Each structure stands twice: as structure tokens, then as C-alpha cells.
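Novice: Take the sequences, apply the hints, and build the full model.
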Amino acid sequence: MARVKHTPASRKSGKKKAPRASTSTQPSLSSSQSPATRERSRRGRKKMRNRQGTVALREIRHLQRSCELLIPAAPFIRCVKQITNQFSSEVSRWTPEAVVALQEVCNFFHAH
78 MARVKHTPAS RKSGKKKAPR ASTSTQPSLS SSQSPATRER SRRGRKKMRN
128 RQGTVALREI RHLQRSCELL IPAAPFIRCV KQITNQFSSE VSRWTPEAVV
178 ALQEVCNFFH AH
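In the numbering used here, the protein residues as written are 78 to 189.
Please keep in mind that the hints were generated in silico from the structure rather than gathered at the bench.
You may find that some hints are simply not true.
Stated by the list, open to error - What follows is a set of in silico ranges between Cβ atoms, one per label pair, in the way DEER data are often shown:
#, residue 1, residue 2, range
1, A175, G121, 53 to 61 angstroms
2, K124, L147, 34 to 42 angstroms
3, L140, Q163, 29 to 37 angstroms
4, S165, A188, 28 to 36 angstroms
5, R138, Q163, 33 to 41 angstroms
Being a predicted model, the structure only gives us computed values, none of them experimental.
Every residue gets a Cβ at the ideal spot worked out from N, C-alpha and C, and that includes glycine.
Specialist: Next comes the structure, spelled out in C-alpha cells:
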């Protein structure tokens with residue numbers, strides 16, 4: 078037999094809840110509330126907050142992805158190939174990861 082989701086109407090028991098006290102009999106809390114709380118209750122829901130460190134990790138990931146280098150990639154690759162050609166005409170291929178690593182090291186050397 079297939080499993081069926083039960084609707085809330087089918088789960089209700091025969092018990093009824095007690096009626097709530099009217100708000101007119103309770104003292105008003107508006108005078109004791111802070112201005113920020115009153116403003117929030119007027120606007121509606123409270124603004125969602127992230128857990129500690131979530132925003133920092135997001136910013137770190139963003140900065141790691143967008144590494145702004147001092148020298149643009151195309152001129153740097155041309156320069157690397159030119160220097161490589163001066164030392165040895167046999168070595169002509171560079172993996173992209175190696176060129177990026179070399180460019181980051183050059184960037185670090187220029188920056189510090």
C-alpha cells in the first residue's frame with residue numbers, strides 16, 4: 078500500500094482550544110517598547126541574519142575568485158614565452174596553471 082500524506086484536517090482531534098483573552102483587557106506594550114521594536118512591528122517581519130562568519134567566508138571566496146593582478150594575462154604570457162625562448166628553444170609549452178602561479182608570484186613580488 079502506498080504511503081499517503083495526511084492533511085491537517087484529518088489529524089484534528091475533537092478537542093477545541095480555549096478562547097483567547099481579548100487584547101483590550103491587557104495593558105498596551107507600545108509605551109514600554111523600544112523605538113526599534115515598534116518600527117519592526119510596524120514594518121512586519123524581523124530582518125533575517127546570517128550566522129557568524131558566513132558573510133566573511135562568502136567575501137573570502139569572492140576575493141579568491143577575483144584575483145586582480147597588476148599585469149594583464151595576455152602580455153604576461155607573451156613575456157614568459159619570450160623569456161623561455163631566450164633560454165631554451167625546446168621548451169615552448171606552459172600549462173595554464175603554471176602560468177597563473179608564476180603570474181601570482183610576480184604580482185606578490187611587485188606588491189611587497
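Novice: So which hints don't hold here, by number, going up?
Specialist: none
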